[in-house]
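**Q** With the hints as constraints, model all of the structure from the sequences given.
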Amino acid sequence: MKFVDEFRDPAAARALVRTITELATEDEYKFMEVCGGHTHTIYRHGLEHILPDNIELVHGPGCPVCVIPMGRIDDAIWLAQQEGVIFTTFGDMMRVPGSTGSLLDAKARGADCRFVYSPLDALKIAMENPTKHVVFFAVGFETTAPSTAVTLVRAKQLGVTNFSVFANHVTIVPPIKAILDSPDLRLSGFLGPGHVSTVVGTRPYRFVPEVYGKPMVVAGFEPLDILQSVQMLLKQMAEDRCEVENQYSRVVRPEGNPQALQLLNETMELRPHFEWRGLGFISQSALKVHRDFAEWDAEERFSMPGIRVADPKACQCGEVLKGVIKPWECKVFGTACTPETPIGTCMVSPEGACAAYYNFGRLHRDTAIMVGERAAL
Amino acid sequence: MCLGIPGQVVETVDAENYLAKVDVSGVRRTISVRLLADTGLKDGDWVLVHVGFAMARIDEEEAATTLAQLQKMGSEYDNELEQFSSTSL
Ligand code: SF4
Numbered sequence: 001m002k003f004v005d006e007f008r009d010p011a012a013a014r015a016l017v018r019t020i021t022e023l024a025t026e027d028e029y030k031f032m033e034v035c036g037g038h039t040h041t042i043y044r045h046g047l048e049h050i051l052p053d054n055i056e057l058v059h060g061p062g063c064p065v066c067v068i069p070m071g072r073i074d075d076a077i078w079l080a081q082q083e084g085v086i087f088t089t090f091g092d093m094m095r096v097p098g099s100t101g102s103l104l105d106a107k108a109r110g111a112d113c114r115f116v117y118s119p120l121d122a123l124k125i126a127m128e129n130p131t132k133h134v135v136f137f138a139v140g141f142e143t144t145a146p147s148t149a150v151t152l153v154r155a156k157q158l159g160v161t162n163f164s165v166f167a168n169h170v171t172i173v174p175p176i177k178a179i180l181d182s183p184d185l186r187l188s189g190f191l192g193p194g195h196v197s198t199v200v201g202t203r204p205y206r207f208v209p210e211v212y213g214k215p216m217v218v219a220g221f222e223p224l225d226i227l228q229s230v231q232m233l234l235k236q237m238a239e240d241r242c243e244v245e246n247q248y249s250r251v252v253r254p255e256g257n258p259q260a261l262q263l264l265n266e267t268m269e270l271r272p273h274f275e276w277r278g279l280g281f282i283s284q285s286a287l288k289v290h291r292d293f294a295e296w297d298a299e300e301r302f303s304m305p306g307i308r309v310a311d312p313k314a315c316q317c318g319e320v321l322k323g324v325i326k327p328w329e330c331k332v333f334g335t336a337c338t339p340e341t342p343i344g345t346c347m348v349s350p351e352g353a354c355a356a357y358y359n360f361g362r363l364h365r366d367t368a369i370m371v372g373e374r375a376a377l
Numbered sequence: 378m379c380l381g382i383p384g385q386v387v388e389t390v391d392a393e394n395y396l397a398k399v400d401v402s403g404v405r406r407t408i409s410v411r412l413l414a415d416t417g418l419k420d421g422d423w424v425l426v427h428v429g430f431a432m433a434r435i436d437e438e439e440a441a442t443t444l445a446q447l448q449k450m451g452s453e454y455d456n457e458l459e460q461f462s463s464t465s466l
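Those sequence lines, one after another, are chains B and A.
Residue numbering for the first sequence follows the working numbering, starting at 1 and increasing by one per position.
Residue numbering for the second sequence follows the working numbering, starting at 378 and increasing by one per position.
Read the hints as simulated data drawn from the structure, not as lab findings.
There's no promise every hint is true.
Reference listing, derived: stretches of chain A covered by chain B, where coverage requires no fewer than 3 residues with Cβ under 8 Å from a Cβ of chain B [to be verified]:
#	segment
1	381-389
2	407-413
3	426-436
For each residue, glycine too, the CB sits at the ideal point set by N, CA and C.
**A** This is the structure we're talking about:
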């Protein structure tokens with residue numbers, strides 16, 4: 001049976017589903033997984049169908065590619081088209097639609113856009129092309145931002161002056177807060193992001209139970225990790241506890257990675273506010289290059305248009321990112337908007353809820369329902 | 378994009394600049410271990426690699442579990458691995 005190949009330990013999975021079913025005595029639970037990696041695991045393994053009907057997993061804003069607003073993509077394309085610029089970024093970013101197409105389209109029109117695996121690769125390209133200026137389009141949460149930080153330090157150290165960073169790093173806590181403050185959604189608790197927490201630790205989430213009275217469990221990426229984390233959330237609720245727990249303690253330390261945090265402090269500073277796709281402006285939610293590194297800040301070196309562009313009318317990524325609607329409830333899902341021809345960002349990255357659902361969501365329903373019944377036996 | 382892939386440190390390439398060679402499923406490349414600089418990382422240790430950086434230390438069992446999970450992801454893991462090996466520092 002499919003289930004058996006999918007799970008490392010099917011017996012453990014069945015046992016977890018059983019306890020979850022016992023613990024979930026209320027009519028409705030809505031748990032938000034903040035991280036796109038979790039969304040991916042949930043759809044790939046059909047976890048939503050294995051869980052009892054009264055537990056709904058709501059997908060959150062933690063896909064870094066998904067939250068970049070269109071205006072920033074337009075700025076990126078503008079940069080890529082400047083004379084003498086080699087524009088570098090991670091693969092997924094190349095396909096995100098701006099108002100006049102994507103970076104890939106710009107490349108087809110002659111701009112020198114290149115995929116890189118690492119920001120250090122971008123720095124290397126700069127060193128190999130001294131007559132060009134290399135811009136690195138940096139995106140990502142605190143998971144990825146430290147790698148940009150190290151690259152900035154390295155560029156300064158080596159005196160590479162034909163290199164700059166167009167920083168679009170975002171931070172994880174403000175959107176969680178924005179979602180908790182929004183009246184649209186009544187959540188029961190959170191599955192906390194795994195890899196972001198390797199950097200920030202578990203302490204920054206304490207406001208979730210303390211101020212908002214919601215439990216949070218930092219979760220790993222395996223299907224079993226997710227099931228166990230859901231069980232931990234339910235257990236807290238059943239025992240009338242409300243705290244931040246760490247299911248992923250084999251990788252995440254409470255204090256995070258102090259080394260990475262210090263590098264972030266040295267090389268980047270908080271922006272007063274930043275626009276998130278679908279969520280609007282959120283204050284102190286993104287990082288820009290620190291003024292001590294102004295020479296390596298693309299926003300200082302170039303005067304980008306910086307025009308705010310509204311999302312396409314048909315696009316409901318905002319609602320998807322806030323967990324207000326499910327991917328398939330968007331009017332263009334799977335018709336006008338597919339991974340090959342994305343209209344919104346959530347269809348671009350494999351961590352985006354729309355892409356994850358498009359790719360796997362429907363595959364698992366039958367097997368999972370079967371397994372769910374078996375687990376209930 | 379937030380994928381972290383497990384790799385084993387096989388060689389210190391340049392201690393001063395925190396560069397080490399890691400092996401990910403038989404593919405080797407140099408990555409930065411700057412973010413784990415004060416953790417006493419040595420050859421043979423396992424780390425999670427993200428965009429060319431070791432971002433967290435893991436034990437061998439965690440590495441094996443994560444790897445098995447990633448391999449089930451099929452094409453995305455292949456892409457990540459391809460990118461991992463396509464460039465060098
Ligand atoms: S289907 Fe496309 S447009 Fe609709 S929410 Fe998803 S990514 Fe956005």
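**Q** Three or more residues of the segment 426-436 of chain A near chain B by CB distance under 8 Å?
**A** As far as the segment 426-436 of chain A goes, the hint holds, because 8 residues have Cβ atoms under 8 Å from chain B.
**Q** Do three or more residues from the segment 407-413 of chain A put their C-beta atoms closer than 8 Å to C-beta atoms of chain B?
**A** holds (count 5)
**Q** Examine the segment 381-389 of chain A for residues whose CB is less than 8 Å from any CB of chain B, and state whether their number is three or more.
**A** violated (count 1)
Of the numbered hints stated above, the single one contradicted by the structure is hint 1.
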